[in-house]
Structures are given as structure tokens and as C-alpha cells.
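Q: Listed below, chain by chain, are the residues.
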Amino acid sequence: MINGISINYYLLLSAVLFIIGAVGVMARRNSIIIFMCIELMLNAVNLLLVAFSTLHADANGQVFVFFIMAVAAAEVAVGLAILSMIYRNVKTIDTDVLSNLKN
Amino acid sequence: MLGYTITQWLFGILSFLSIMFGLMVVFSRNPVNSVLYLVMTFFCIAGHYLLLNSQFLAIVHIVVYAGAIMVLFLFVIMLMDLNQDNEPQKTWLTKIIAGIAGGLMLFVLVGSLKGSEQLGIAQNGSSQIGTVKNLGKVLFSEFLFPFEIASILLLAALVGSIMIGKKEIK
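Protein chains in written order, with the working numbering: chain A, -17 to 85; chain B, 240 to 409.
A portion of the hints provided could be inaccurate.
Said to hold, decoys possible - Listed below are the simulated DSSO-like cross-link pairs for lysine-lysine, each with C-alpha atoms no more than 27 Å apart in a straight line:
{"no.": "1", "chain 1": "A", "residue 1": "Lys73", "chain 2": "B", "residue 2": "Lys405"}
{"no.": "2", "chain 1": "A", "residue 1": "Lys73", "chain 2": "B", "residue 2": "Lys334"}
{"no.": "3", "chain 1": "A", "residue 1": "Lys73", "chain 2": "B", "residue 2": "Lys329"}
{"no.": "4", "chain 1": "B", "residue 1": "Lys406", "chain 2": "A", "residue 2": "Lys73"}
In case anyone wonders, no lab produced these hints; they're calculated from the structure. No experiment lies behind these values; they were computed from the predicted model shown.
Build the full structure now, drawing on both the sequences and the hints.
A: Written as C-alpha cells, this is what we have:
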């Protein structure tokens, strides 16, 4: 129990948020929306790390969330630079059109 | 109020809002609206961090995600001139299959949660682990080397995104 809330509710909330992100990655074609859904999934995991860190009164989990945020920021910066470069050359960011690597 | 404490009410409201805004991110047609709903989701998650006594992470979350990353997303969307009219849509079959896959994944996760016993570990330490003082102590003593590596990673990302984003490389 954290402040009267069972850890199971945090597990449930994180699972639901993670699956919303996963469904978004599967169901959308716009690359930027897919990126945002990946951010949503990362945040679901972060929330669970903070919840368990508070449950066990251990600061390591929160420091780990700190590093995940730094890596997410780097990932977004590089990813959006690649996307804007693709848009400049191909004039689209539709994932069904950008399948040249496949064949 | 109905046998629930104020913290439990706040948890319920924040959970409902974050799930609803998360769904809106996926289902809204306009990418700009998606970004704005994602910012609202991040604010709700920051509220959850505050409920979990980690004030420092709540502030960092708002500054980094809502302040920096989402502004970057908005800039890129505005540069690309994406709107509702030319927004590509997957076929209904793909969407239904994605929904079924997500539902099955949720079913498995919730099922495994039901099977496990209640994690009844009491909160044994102090509630002061989320403060700047405590986190700074841990970060700069125990995690000093990963911290330096993270700074090198950010530098590499900076240089890399500038190199990728340049018009032509001489």
C-alpha cells in the first residue's frame, strides 16, 4: 500500500497505458504518432518504476527513471531529425509508403 | 467521502484522465490534437508522481516532456504541414486486428496480475526518498559513472541530429 492505494492498481494502470501505446503503434500510419505512442509506453514503465521505488522506499528506481528520461530525450531528438530529413526527400512520413528497405 | 480517502479519489480521477487522454492520442485524426492530448497525459502522470511523494521527478517530467520533447514534436508537425485532410489511415481490418492484439495482451497481463498474490510489503522507509537532496546524493555517489555516460549520450545525440538535419554535407 502506498498512501492507501494498493500497488496492484498501479500495475493495472501501467498495463492499460502501455497497451494503449502498443495499439497506437500497430494501428496508425503516421510516423510521428507512432513516436508519440512509444513515448506513452515509456511513460507507463516509468510510472511503475516510481511506484515500486516508493513502495520499497528505495531511491534507485527513481534514478533509473531519470536515466530513461535522458535516453528518451536523445531518442526523440535523433528520431525527429531523421523524420524531417525523410520528409524533405520523400515528401511523406506514411509508414506504408516508406517500405523501400523491404524490397 | 464514500469511505475513500482524498488520495484515493485523486488517484482515481488522475488514472481516469490519463487513460482517457491516452486513448484520445491514438484515436484523434489531427496530429496536432494528438500532441496536445499527449501533453495532458504527461501532466496527469506528473500528478501521479506527486501522489507517490516524488516531487523532483514530477517537476523534471513536466520540464523535460511537456516543455522540451512535446514542443519539438509540435515544431516538426508544423514544419511538415500535416493536417486532417492528408492524414493516412490504415484499413479497418488492420485496426481491428490491432485492437484484438492489444485486448489479448491486456487480458494476459491482467490475468497474471489476478493470479499473483497481493504484494503486501509495507512502506518501511521514510517518505522522503523523492526529494532533491536525497536523489542528488544517490545520483552523484552511486550513479556517478552512468550520469557521465548519459551526458556523453546527450552530446552524441546533439551532434548526430545536427548532422542529419543539415541540408547538405560539404
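Q: Against this structure, judge whether each hint is valid.
A: Here is what the structure says about each hint:
no. : hint               : in the structure
1   : A:Lys73 x B:Lys405 : holds, 17 Å
2   : A:Lys73 x B:Lys334 : holds, 25 Å
3   : A:Lys73 x B:Lys329 : holds, 19 Å
4   : B:Lys406 x A:Lys73 : holds, 15 Å
Violation of the numbered hints given earlier is absent; every hint is satisfied by the structure.
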